[in-house]
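Undergrad: Sequence:
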Amino acid sequence: MQVFCCVVLAVSLVAGLRAESGKRAMRLMLVDDGTLLCESSPRDGRYRLENGAVDFGWAVWVRLRAESGDPAPESSLRGRRWSLMLIRSNVGAECWRGLRTWLRHKAYRSPGG
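Counting the sequence shown from 1 gives a position; my numbering is that position plus 16.
Honestly, I wouldn't trust all of these hints.
[What the hints assert, rightly or not] Now the in silico label distances, taken between C-beta atoms and shown as ranges: (1) 18 - 40: 30 to 38 Å; (2) 26 - 47: 35 to 43 Å; (3) 47 - 19: 45 to 53 Å; (4) 22 - 45: 38 to 46 Å; (5) 98 - 28: 18 to 26 Å.
Quick caveat, the hints were computed from the structure, so don't treat them as lab data. Ideal placement from N, C-alpha and C gives every residue a C-beta, glycine not left out.
From just these sequences and the hints, can you work out the full model?
TA: This is the structure we're talking about:
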């Protein structure tokens with residue numbers, strides 16, 4: 017049983033480290049209309065936040081879906097959803113406050129207003 021638990025913990029650690037290292041190559045741009053532009057090879061495109069984003073103070077959890085008006089091919093992005101947890105060390109210190117403010121005031125704006 018102990019060996020099984022150690023294997024599960026090791027696999028979990030590797031998966032977590034892999035997910036965190038993938039964020040280093042990601043560039044996020046927050047837009048005034050409440051969308052988010054992502055530059056990362058498998059996820060390039062414009063995204064809108066789904067309900068349920070949470071600001072814990074020390075971390076931000078967001079669920080994103082590809083913007084329906086995105087000109088990306090049907091098979092690649094449209095309708096894709098993914099979740100992202102960002103902690104203060106994932107973004108520059110100067111960007112952390114801006115991210116949290118954007119989440120509170122801009123992210124859930126309706127597309128027309």
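Undergrad: With reference to the structure, classify each hint as holding or not holding.
TA: Quick rundown of the hints versus the structure:
1. 18 - 40: 30 to 38 Å: holds, 34 Å
2. 26 - 47: 35 to 43 Å: Between residue 26 and residue 47, where Cβ atoms are some 40 Å apart, the hint holds.
3. 47 - 19: 45 to 53 Å: holds, 49 Å
4. 22 - 45: 38 to 46 Å: holds, 41 Å
5. 98 - 28: 18 to 26 Å: For residue 98 and residue 28 the Cβ distance comes to about 19 Å; the hint holds.
Hint compliance for this structure: every hint is met.
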